[in-house]
Amino acid sequence: MSDLALRPAAVGGLSSGWSRFWIGAAAVVALAWASTAFVANEYAFFATFVILQFVVLATAWNILGGHCGYVNFGTGAFLALGAYVAVALHKAFDLPVIALVFAGAAASALLGAFVGLLTLRLRGIYFAIATLAITVVVETAVLNWDYVGGARGITVIRPHEDAVFGTYNRMLVVLMAAMAVAAVAAARWVERSAFGRGLAAIRDGEDAAEACGVPTLRLKVAAATLSGALMGAAGAPLPLYMNFIDPHSAFGMNYAVSALAMPMIGGTSHWIGPVIGAVLLGGAQQAVTVTISSEINVLVTGLLLVGFVVAAPKGILGLLKR
Amino acid sequence: MDLELLLDATVAGLLLGGFYAALSIGLAIAFGLLDVPHIAHPAFALVGAYGAITLQGMFGLDPVLAGVILAAPFYLLGVATYRFYHATFESRGSDAGLRGLAFFFGVAFILEVGLILVFGIDQVGVRAPYIGQALWLGEMRLPMRLLVAGGCALLMAALLILWLKRSFTGRAAQAVAQDETALALVGADPVKVKQVAFGVATATVAVSGALLVIVGPVEPNMARIYIGKVFAIVVLAGLGSVPGTVFAAMILGVSESIMLSGPAASWTPAVAFGLLLAVLAFRPQGLFGR
Chain A
1 MSDLALRPAA VGGLSSGWSR FWIGAAAVVA LAWASTAFVA NEYAFFATFV ILQFVVLATA
61 WNILGGHCGY VNFGTGAFLA LGAYVAVALH KAFDLPVIAL VFAGAAASAL LGAFVGLLTL
121 RLRGIYFAIA TLAITVVVET AVLNWDYVGG ARGITVIRPH EDAVFGTYNR MLVVLMAAMA
181 VAAVAAARWV ERSAFGRGLA AIRDGEDAAE ACGVPTLRLK VAAATLSGAL MGAAGAPLPL
241 YMNFIDPHSA FGMNYAVSAL AMPMIGGTSH WIGPVIGAVL LGGAQQAVTV TISSEINVLV
301 TGLLLVGFVV AAPKGILGLL KR
Chain B
1001 MDLELLLDAT VAGLLLGGFY AALSIGLAIA FGLLDVPHIA HPAFALVGAY GAITLQGMFG
1061 LDPVLAGVIL AAPFYLLGVA TYRFYHATFE SRGSDAGLRG LAFFFGVAFI LEVGLILVFG
1121 IDQVGVRAPY IGQALWLGEM RLPMRLLVAG GCALLMAALL ILWLKRSFTG RAAQAVAQDE
1181 TALALVGADP VKVKQVAFGV ATATVAVSGA LLVIVGPVEP NMARIYIGKV FAIVVLAGLG
1241 SVPGTVFAAM ILGVSESIML SGPAASWTPA VAFGLLLAVL AFRPQGLFGR
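Heads up: the protein sequence lines correspond to chains A and B, in order. Residue numbering for the first sequence follows my numbering, starting at 1 and increasing by one per position. Residue numbering for the second sequence follows my numbering, starting at 1001 and increasing by one per position.
The hints are simulated quantities; they were obtained by calculation from the structure and are not laboratory data. C-beta atoms are modelled at their ideal positions from N, C-alpha and C, and glycine is treated no differently. Check before you lean on any hint, since a few could be wrong.
[Said to hold, decoys possible] Every beta carbon over 10 angstroms from chain B, so not counted as near; a handful from chain A, in silico:
1. S19
2. H160
3. A185
4. A200
5. F244
6. G302
7. K321
[To be verified] Incomplete in silico selection of chain B near chain A, CB under 7 angstroms:
8. T1088
9. A1102
10. F1103
11. F1109
12. V1113
13. I1116
14. L1117
15. P1269
Okay, chain A solo, but in the shape it has when bound (with noise of 0.2 angstroms):
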């Protein structure tokens, strides 16, 4: 694990790294497919679909908060509105769902740009007040949407069946692992690249970066962009999953710490990080709301962020290398 993270970064562009991780990748979303087949628990889909959700979102957030140091707390404006604009257009024109996650990740991808250009001149704590403001004002905007059932939340209507997969949920499933592998491609592909670095350097010193050459206004909204894109992508499967979206859950604060506790446990250094995060505490996440109560599992939710934020800084990835 240590070579894998202290291995240099994008040896000439498209190494051997690559067919490895793509073949890890096909089977991953193979391995998804494949247990469409065989496995009969639905709760084991709904669980699978949440993690790989939180793989999706977790990834996002480390493209702005790991790579480029600025912490997002909008995650749930994000994530609502991908989900909120594929409900508008699945009422409106009842289009299939690879368009509604198109259409979610483009809408986020606007927010995200808006939310980029404000690094102009909001940085550290006052750019992380400003994403939880946003996530405010998105949330009223939604709450006097009576289109999309307001405050009452809306009710999703969509087939149960899918002629490939079994059951639509199923297809949904596969749908979010395709996204999960395309998610840590990107984040992959973003922390070898020359924008990586770019992004690397803003962090460490941003007026250096700038005094330096690099394009930190334009890599900034580029990295938030992409990340925004991620979290609207991740953000529409979920009312077609669920039947149903409201505002309190969509952009209620567990999306919001997760998102930002995923990669601070698994570790920001690595695209692997997130994952492992998304995982291990996605998976905690369910265990324990099925064994306990879901009060205790944002709690333990919290208390791990915080505790690996003041006991272990580098997250597992951290741990591991030590």
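Given the structure of chain A, go ahead and fit chain B onto it with the hints provided.
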């Protein structure tokens, strides 16, 4: 909007602003003077609110009195919090910003969940003779609960200003904000001074928490809507200025109140955010910046 409505909204806004001031002056010290990214500040206030509710439930105390009593344990809580924050983040240096933020965000989240576990998710309030009463000024109705909150806020602000200007520790706290090394050179321990100042800031939070529950019933998840407001106020004021904080709180209160009586009332939560953005864009040092 006609003039009478505007006047009503302004007066209501000033009262609301007084309450916001109470909630923000602790942060003016913790974040404004000491540079601690204390996002959990409103969550601490909410703990104070539930503390006041509990004390009233046990001993039938008046909420303001309960808040003042709670100030003592909150002072210790503040000292402990700063000591821990310093040992874990400040003294370790690099990357402290990101992790410090995540830390306080996590603490706020834990407090919220803790309150849900102990008190449930329903709204709870307190009883006091002045809640529900109002003072009539001609045609104008001034709710007593807001008058009490605003009055306590002004008193607390006055005491804090006195402390900052007259006492040795208060002046040292301001000195720490200006130049920590210089303070160390003249033989004062910056960490100790910051500890006390953070303790005092946290003690005011206990009182403001009691005021929070006097102004209206509380529920465990309401802290986060106040994060944007209190930081908007502290930044608008200019970091660390207590009189500025009171003034800025009034501005936010009046803006929100006017917005609330206008056609776009449902957009009131966005006012603080707009204000924060405008200040950072046009006058980042705030109105009374150091």
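Say whether it holds or is violated: K321(A) keeps its Cβ farther than 10 angstroms from all Cβ of chain B. Answer for K321(A): holds, closest chain B Cβ roughly 16 angstroms.
Holds or violated: is the Cβ of F1109(B) closer than 7 angstroms to a Cβ in chain A? 4 angstroms, holds
Outside-interface status for A200(A) - nearest CB in chain B farther than 10 angstroms: 12 angstroms, holds
Hold the hint about T1088(B) up to the distance rule: shortest CB distance to chain A must be less than 7 angstroms. T1088(B) check passes; min Cβ-Cβ to chain A is 5 angstroms, inside 7 angstroms.
Hold the hint about F1103(B) up to the distance rule: shortest CB distance to chain A must be less than 7 angstroms. 5 angstroms, holds
Non-interface label on G302(A), tested against every C-beta of chain B at 10 angstroms: 4 angstroms, violated
With a cut-off of 7 angstroms on the beta carbons, see whether L1117(B) makes it to chain A. Because about 6 angstroms separates L1117(B) from the closest Cβ in chain A, which is inside the 7 angstroms limit, the hint holds.
F244(A) and chain B, when compared Cβ to Cβ, separated by more than 10 angstroms: 19 angstroms, holds
Identify whether the interface hint at A1102(B) stands, where standing means a beta carbon of chain A within less than 7 angstroms of its own. Holds: closest Cβ of chain A sits about 5 angstroms from A1102(B), inside 7 angstroms.
Does H160(A) clear chain B by more than 10 angstroms, comparing its Cβ with all Cβ atoms of that chain? About 32 angstroms separates H160(A) from the closest Cβ of chain B, which puts it past 10 angstroms; holds.
Against chain A, run the beta carbon of I1116(B) and see if the smallest gap drops under 7 angstroms. Holds. Min distance 6 angstroms.
Just to be careful: measuring from the Cβ of P1269(B) to every Cβ in chain A, is the smallest value less than 7 angstroms? 5 angstroms, holds
The structure fails hint 6 only (numbered hints given earlier).
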